[in-house]
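S.K.: Sequence:
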Amino acid sequence: MHKTSARLLALLSLLQTPRDWSGDDLAKRLGISSRTVRRDIDRLRELDYPIKTVKGPAGGYRLEAGTHLPPMLFDDNQAVALAIALQTAAAGTTVAEDATRALATLRQVMPPRLRHRIDLLHITAVQPPAAADDTLQTDAQVLLDLSRAIHAHEELRFDYTPGPNTPANDVRRVQPHHLITWRHRWYLVAWDLHREDWRTFRVDRIRPRTPTGPRFAPRELPGGTVSTFTTSRFRGNDGTTTDWPCQGEVILRLPAADVAPFAQDAIVEELGSHHCRLILGSWSWTGLAAAIGRFDTDIEVIGPPQLATAFGDLAARYARAARTTRPETGPAR
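As numbered in the numbering used here, residues 2 to 334 make up the sequence shown, in order.
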């Protein structure tokens, strides 16, 4: 019985590889006869594993998706990787509760050697402080509803709350194309039928209406890929290029090693022990000047002229702000 159980597990492990297996290939890999392979396939089917017989000259077998989730087999490294992924997902994500329950189930059936490895690994995901408009959480059911509409190419109507300053719901009618994550938030990329343009919507502010609308032929996304389009739009561009709308070049009186850790996607070039060249982009010239100013050192503008003008405007604005400083008031008596 022990040999049969071990053989069935080995057979199941092979079948979980996404390919077709001939009876002869399985027999050779397991060191058994083709007749034993057929008998073991029947045993797995009795355990509700959906194994399909593939027609052809040599015949074969394939493990297909079933109507319910059958028991699955993982090797040691797969089990550890799955546990790590579940720990990460359990830290403040949309499916945190389900991930925690799945992790508990997985740990319960692990052999002691693997359970010990998992218990030694504790992941603490530190979430950034919540902004004032982060009170809404993404609903897993909404994600599923949006995914279903995207897959079926069906128009979608939903109530959308843009933010705390515009609390009234806005009804949108769109052609949904992609679900994306950007900096720990879910977004829907869609063609807005009323505005006749591409838009990105925060999923936590979407409340889908039913039923969905008619089917549509998907449009070509600007930029060619969802990655290019998304990066471009969040950088304030038109969706066709990942470049920043405003890009400038300066020389900072700081070592490159001091600038690089805080430069994000900028280019930092060492010019000497106390100088470096910085090429940085932003959505506006004023925003770019402010971003460069945070390095708190002397700045030489190489170009373009719009950046130098933005520094002048910002300096004047800061000077006016400094003159409006109110005197501190003492504690009330």
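None of these hints come from the bench; they were simulated from the model.
Take these hints with a grain of salt, some might be off.
Pair by pair, the computed Cβ-Cβ distance ranges are [to be verified]:
1. Q265 / T242: 50 to 60 angstroms
2. T182 / E221: 18 to 28 angstroms
3. P163 / D26: 30 to 40 angstroms
4. L15 / S285: 36 to 46 angstroms
5. R114 / Q265: 20 to 30 angstroms
6. T310 / P212: 47 to 57 angstroms
7. L48 / Q265: 47 to 57 angstroms
8. A153 / T54: 56 to 66 angstroms
9. L15 / R118: 40 to 50 angstroms
10. R20 / A86: 41 to 51 angstroms
11. A153 / N78: 33 to 43 angstroms
12. S274 / T89: 35 to 45 angstroms
13. A105 / Q79: 16 to 26 angstroms
Note that CB positions come from ideal geometry on N, CA and C, so glycine has one too.
S.K.: Each hint should be assessed against the structure and marked as holding or not.
M.R.: Evaluated hints:
Separated by about 18 angstroms at the C-beta atoms, Q265 and T242 break the suggested range of 50 to 60 angstroms. Evaluation of the 18 to 28 angstroms hint for T182 and E221 yields a pass: the beta carbon distance comes to about 22 angstroms. At about 58 angstroms, the CB distance of P163 to D26 disagrees with the hint of 30 to 40 angstroms. Evaluation of the 36 to 46 angstroms hint for L15 and S285 yields a failure: the beta carbon distance comes to about 58 angstroms.
In this structure the hint that R114 and Q265 lie 20 to 30 angstroms apart at CB is violated, the actual value being about 42 angstroms. Remark: the range hint 47 to 57 angstroms for T310 to P212 is upheld by a beta-carbon distance near 53 angstroms. Between L48 and Q265 the CB atoms are about 52 angstroms apart, so this pair conforms to the stated range of 47 to 57 angstroms. One distance hint, 56 to 66 angstroms for the beta-carbon pair A153 and T54, is violated here, with the actual separation near 31 angstroms.
Restraint check, L15 to R118: a C-beta distance of roughly 25 angstroms breaks the suggested window 40 to 50 angstroms. Distance hint check: the CB atoms of R20 and A86 are about 24 angstroms apart, inconsistent with the given range 41 to 51 angstroms. The given range of 33 to 43 angstroms is respected by A153 and N78, whose C-beta atoms sit roughly 37 angstroms from each other. Restraint check, S274 to T89: a C-beta distance of roughly 41 angstroms satisfies the suggested window 35 to 45 angstroms.
The supplied range of 16 to 26 angstroms is met by A105 and Q79, whose beta-carbon atoms lie about 18 angstroms from each other.
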